[in-house]
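A.B. asks: The chain contents come next:
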Amino acid sequence: AQKITQTQPGMFVQEKEAVTLDCTYDTSDPSYGLFWYKQPSSGEMIFLIYQGSYDQQNATEGRYSLNFQKARKSANLVISASQLGDSAMYFCAMIGVFRWTGTASKLTFGTGTRLQVTL
Amino acid sequence: EAGVAQSPRYKIIEKRQSVAFWCNPISGHATLYWYQQILGQGPKLLIQFQNNGVVDDSQLPKDRFSAERLKGVDSTLKIQPAKLEDSAVYLCASSLDGGLGTQYFGPGTRLLVL
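Heads up: the protein sequence lines correspond to chains A and B, in order. Start counting the first sequence at 2; every next residue gets the next number (my numbering). Start counting the second sequence at 9; every next residue gets the next number (my numbering).
Isolated chain A (complex conformation) (with noise of 0.2 Å):
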């Protein structure tokens, strides 16, 4: 089974900034990607940058990277130059893949961070 881990319920960060959110899972698998989805107040679920664990480099979207530490089971989401647009919850989540199988899990989500940009 995954767990997925975000320890940070809110954070502030001032516009222009970088911010940094915290995700930190767990699993068995020997394969496995890692998502950050974005959900603004709306409601809807917006995906912003994936990873996967082979992946030799970390994954960049625009202001968005993964900060990717495999040994450490982190997958932290950096958002460069902050905008105000940026306030919304942000989810971690991951899928694995079974070793025996090599069928899919579900798309496990962390609690989430809800992030305020001020002026």
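The reader is advised that the hints may include incorrect statements.
[Stated by the list, open to error] Now the in silico label distances, taken between C-beta atoms and shown as ranges: (1) G80/B <-> T119/A: 44 to 54 Å; (2) G80/B <-> A72/A: 38 to 48 Å; (3) G80/B <-> G11/A: 35 to 45 Å; (4) Q49/B <-> E18/A: 26 to 36 Å; (5) T6/A <-> L47/B: 11 to 21 Å; (6) N59/B <-> T119/A: 41 to 51 Å; (7) V63/B <-> T119/A: 41 to 51 Å; (8) K23/B <-> A72/A: 42 to 52 Å; (9) F13/A <-> E76/B: 38 to 48 Å; (10) G48/B <-> F48/A: 38 to 48 Å; (11) A82/A <-> L92/B: 40 to 50 Å; (12) Q49/B <-> V79/A: 44 to 54 Å.
To be clear, the hints were calculated from the coordinates, so they are not data collected in a lab. Using N, Cα and C, we set each Cβ at its ideal position, and we do this for glycine too.
Since the structure of chain A is already known, use the hints to place chain B on it.
C.D. replies: Showing chain B alone in chain A's frame:
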């Protein structure tokens, strides 16, 4: 490319009534998911379809919830009869072919059961 469509966006019903939600996935996506997100929590998978077959419905309360994806495209999720604890956001997502593929979510349906 059009995203995942869901309707209605909001629904208020009384307990013991029935309700249905509709989802249209991204064109060409074989895998469709229904999630329930209770306030303050991350989404929880209710059911996963691959084309029109069920892959995983282990967390679907089958005594009151049902879902179908008859032609492998659109899907409906039904609750009958609704309970107070069913108040949540119901999110539909789709991915190209399941597995480790990225899931893209629709705007969700906010359900309030009174």
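A.B. asks: Would you mind marking each hint as holding or not holding in the structure?
C.D. replies: Here's how the hints hold up against the structure:
Hint check: G80/B to T119/A, Cβ distance near 47 Å, so the stated range 44 to 54 Å holds. A beta carbon spacing of about 42 Å between G80/B and A72/A agrees with the range 38 to 48 Å that was offered as a hint. Under the hint 35 to 45 Å, the C-beta atoms of G80/B and G11/A, about 41 Å apart, fit the expected range. The hint said 26 to 36 Å for the Cβ distance between Q49/B and E18/A, and at roughly 29 Å that hint holds.
T6/A and L47/B have their C-beta atoms about 20 Å apart, which keeps the hinted 11 to 21 Å range intact. Separated by about 47 Å at the C-beta atoms, N59/B and T119/A satisfy the suggested range of 41 to 51 Å. For the pair V63/B and T119/A, the beta carbons lie near 43 Å from each other, so the given range of 41 to 51 Å is met. Hint check: K23/B to A72/A, Cβ distance near 50 Å, so the stated range 42 to 52 Å holds.
At roughly 45 Å, the beta carbons of F13/A and E76/B sit within the given window of 38 to 48 Å. Distance hint check for G48/B and F48/A: the Cβ-Cβ separation is about 21 Å, which falls outside the suggested range of 38 to 48 Å. Between A82/A and L92/B the beta carbon distance is about 44 Å. The supplied range of 40 to 50 Å therefore holds. At roughly 25 Å, the beta-carbon separation of Q49/B and V79/A lies outside the given 44 to 54 Å, and the hint is violated.
Violation of the numbered hints given earlier is confined to hints 10, 12; the remaining hints are satisfied by the structure.
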